[in-house]
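S.K.: Residue numbers (our numbering), protein chains in the order written: chain D, 3 to 117; chain F, 3 to 117; chain Z, 3 to 117.
These are calculated hints, taken from the structure and not from any lab test.
Warning: the hint list may mix true and false statements.
Copies of the same chain are indistinguishable here, so a pair counts whether it falls within one copy or spans any two.
The list that follows gives simulated cross-link-like pairs (lysine to aspartate or glutamate, EDC-like), each with its CA atoms no further than 16 Å apart [stated by the list, open to error]:
1. K60 / E49
2. K100 / E12
3. K116 / E53
4. K100 / D71
5. K60 / D22
Please read these numbers as outputs of a predicted model, since none were measured by experiment.
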Amino acid sequence: MNIERAETSERMSKIVTHGDTVYLCGQVGVAGESVADQTRECLRRTEVLLEQAGSSPKHILQAIIWLADMGDFAEMNGVWDAWVPQGHAPARACGEAKLARPELLVEIIITAAKV
Amino acid sequence: MNIERAETSERMSKIVTHGDTVYLCGQVGVAGESVADQTRECLRRTEVLLEQAGSSPKHILQAIIWLADMGDFAEMNGVWDAWVPQGHAPARACGEAKLARPELLVEIIITAAKV
Amino acid sequence: MNIERAETSERMSKIVTHGDTVYLCGQVGVAGESVADQTRECLRRTEVLLEQAGSSPKHILQAIIWLADMGDFAEMNGVWDAWVPQGHAPARACGEAKLARPELLVEIIITAAKV
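Kindly produce the complete structure, drawing on both the sequences and the hints.
M.R.: Put into structure tokens, the structure is as follows:
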């Protein structure tokens with residue numbers, strides 16, 4: 003199967019496609035904003051990358067969510083639940099992990115399918 | 003490749019199948035029980051979902067394990083090692099992460115293959 | 003699709019191949035060494051396993067990196083950036099998680115493609 007990479011730096015590719023499977027690099031929002039706003043921006047960036055990859059929010063297979071503080075679980079979920087296309091929710095797991103910068107509150111790692 | 007989802011809520015699907023690959027949502031046990039008992043229940047639930055997905059414990063490809071306290075590593079491993087079908091152990095990683103509720107001690111994220 | 007396992011113990015397989023996709027167990031370096039040295043050894047071991055699996059560092063799809071202390075981010079990245087084959091960087095995410103032993107500072111979970 004063919005591998006395609008996009009938005010590739012020396013450290014990572016934002017998109018890697020292998021056959022019909024799409025891997026995105028961990029997406030974050032804007033450091034310093036509220037967890038709800040960071041989640042919204044994180045998911046907006048995810049949408050852009052999925053479209054670029056020939057996928058969509060309806061084609062997400064797995065989402066692994068890291069929260070810097072599990073106390074933000076409900077606030078993140080409020081944004082997540084409203085964003086997920088009805089009937090197309092992915093397999094999901096959410097755990098607490100500090101992120102690359104202390105001001106980053108949420109990071110989402112997406113595996114998706116090509117349309 | 004076809005995507006099939008099962009046990010789908012607005013937040014997540016417990017099972018997502020993409021071609022021959024099965025993604026389960028993070029499985030936990032019963033909050034408040036010992037880590038050994040939570041691991042047993044987590045793996046029992048995993049078995050049920052794998053069977054529902056047309057897979058089995060012999061067909062697990064990757065397991066990512068989160069422990070709320072790495073001090074529970076040996077106790078979790080005792081249950082895990084006894085459960086894994088001999089000769090069919092998956093690729094595995096285990097790290098410490100607080101989970102959705104403080105009483106949850108272990109969560110396992112499974113990727114498997116259809117039989 | 004066929005499943006092949008290699009270096010299989012009762013707990014895990016170091017390599018699991020499913021069709022064209024390769025899952026490695028979480029790789030670490032030598033406990034007690036610096037994070038740079040642990041990262042170097044971790045990546046050296048990754049290379050050995052990828053070669054054994056019929057893959058290579060140019061064929062990594064996703065890397066999930068756990069650091070025991072996010073303060074080691076820059077030092078780990080220095081080794082990582084120099085190691086990744088130019089133009090072939092995988093999708094990547096990095097979060098903080100304590101590992102199986104307190105002296106372990108970095109663990110990397112690799113999904114790759116067969117050549």
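S.K.: Run every hint past the structure and note whether it holds.
M.R.: Cross-check of the supplied hints:
Taking the shortest alpha-carbon separations for K60 and E49, only the intra-copy value of 10 Å comes in at or below 16 Å, while the best inter-copy value is 27 Å. For the homomeric pair K100 and E12, neither the shortest alpha-carbon distance inside one copy (23 Å) nor that between copies (27 Å) is at most 16 Å. When the C-alpha separation of K116 and E53 is checked against a cutoff of 16 Å, the pair qualifies only within one copy, where the shortest distance is 9 Å, while the shortest distance between copies is 26 Å. Taking identical chains as interchangeable, the C-alpha atoms of K100 and D71 lie at most 16 Å apart whether they share a chain (8 Å) or sit on different chains (9 Å).
With identical chains, the CA atoms of K60 and D22 are at most 16 Å apart within one copy only, with a shortest distance of 14 Å there and 19 Å across copies.
Violated hints amount to a single one, hint 2; each of the other numbered hints is respected by the structure.
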